Amino acid sequence: MHELSICQALLRQVTQVAEGRGAGVVESITIEVGPLCGVEPALLATAFGILRAGGCAAQAALVIEETGVTVGCTSCGAQSQAAPNRLTCAACGGFRTRIVAGDELRLRRVELRAPESASVA
Amino acid sequence: MCETCGCAITPEIDYAHSDENVLIEVLQDLLAANDKVAAHNREHFDRHGVLAINLMSSPGAGKTALLEATIMALRDRYRIAVIEGDLETDNDAVRIRAHGVPAIQITTGAACHLDANLVHRALHDLPLAGLDLLFIENVGNLVCPASFDLGQHRNVTLLSATEGDDKPAKYPVIFRASDLVVLSKADLLEVLGDFDPLRAAAALQALGRDTPMIRTAARRVPDIDSWLNWLEVQLGAWRPSAHRPRSMIAASVGG
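Respectively, the protein sequence lines represent chains F and P. Just so we're aligned, residue 1 is where the first sequence starts under my numbering, counting upward by one. Just so we're aligned, residue 122 is where the second sequence starts under my numbering, counting upward by one.
Since the hints were made in silico from the structure, they are not lab data. Only a predicted model underlies this, so the values are computations on that prediction, with no experimental measurement involved. You may find that some hints are simply not true.
[To be verified] Pair by pair, the computed Cβ-Cβ distance ranges are: (1) P:R200 to F:A58: 49 to 59 Å; (2) F:G54 to P:L349: 49 to 59 Å; (3) P:A358 to F:Q59: 51 to 61 Å.
[Unchecked claim] Stretch by stretch, here's where chain P covers chain F in the computed footprint (C-beta under 8 Å, at least three residues): (4) 11–22; (5) 98–111.
In this text, a Cβ means the ideal position worked out from N, Cα and C, and glycines have one as well.
All chains should be modelled from the sequences, with the hints used to inform the complete structure.
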């Protein structure tokens, strides 16, 4: 369950962004999670539900954008979709590829509540 | 602006949302803080000319036994130390110390992996200046350790003959991140009869890195020559400037 550690890192980053803008309330957090990043989105969502309490993201929604896997062949240069455990080149069958997409584990954006609406609420 | 990959988005750009909330594009890796400490660890290793190897596997694959045999074979030629990661007990560190090399135990408690901070703390108890080779024996686990760069130069994953030969297909992230896969307990292959090394090699090759796989046996009649040869090559080829620049997953992608 390293998703708890990852979620703590996420909340630290979000808190930094919110504090840097002088915002008190985070409305939503969007992250990108690829199948090859080693993190299970459902477990991350569970961890978020537990860890968000008490901070600026206590009521925030977590939006998880799951990406697909794309590999680029180092032999023929072709790019192809791939399964996480089948990362060879679909065009030439080459056994050496690089990951073009699919290993993301990124905080993409944070939505902060506008100061006036925060004061009304 | 490309909505698919964010290619035209500059980090930290604000723009107004319809209800006047503020959207901030961050585009930061969630493991950025860990990776920063890992880079710091790597600088420590580089400065002292220490080759750091992260040893991973499921529990019971024989990491400690392989290290014991390795130390016995190499301790007269290289100065070796070990960082041991376990949830509880310092049993493995005691086993290593019995061979006369320093071993630092990191007890992770409930945590299923080592991270760069835990390793950094352990480094302060190690005589780095007097070392050639540092093994970091990660917590036995084929999932969580794959996500955390520790500052190592090489990743090695053990796959023992008592496990399934389809492990690389089941745990693609950790096996793809590996620079070498060690088929351990290979002396049991014949006894067990159900582990097909060719099938394991095919599953490994399907991960798109053409990672080498070697066989070892560390007990009864030890046979670790191919492993020792690999280590010698790494020690010979390794230069401080050749370190992996980013997190282990990101680095393995280009490697």
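Hint-by-hint comparison with the structure:
no.	hint	verdict
1	P:R200 to F:A58: 49 to 59 Å	holds, 51 Å
2	F:G54 to P:L349: 49 to 59 Å	holds, 53 Å
3	P:A358 to F:Q59: 51 to 61 Å	holds, 53 Å
4	11–22	holds (count 4)
5	98–111	holds (count 11)
The earlier numbered hints are all upheld by this structure, with none contradicted.
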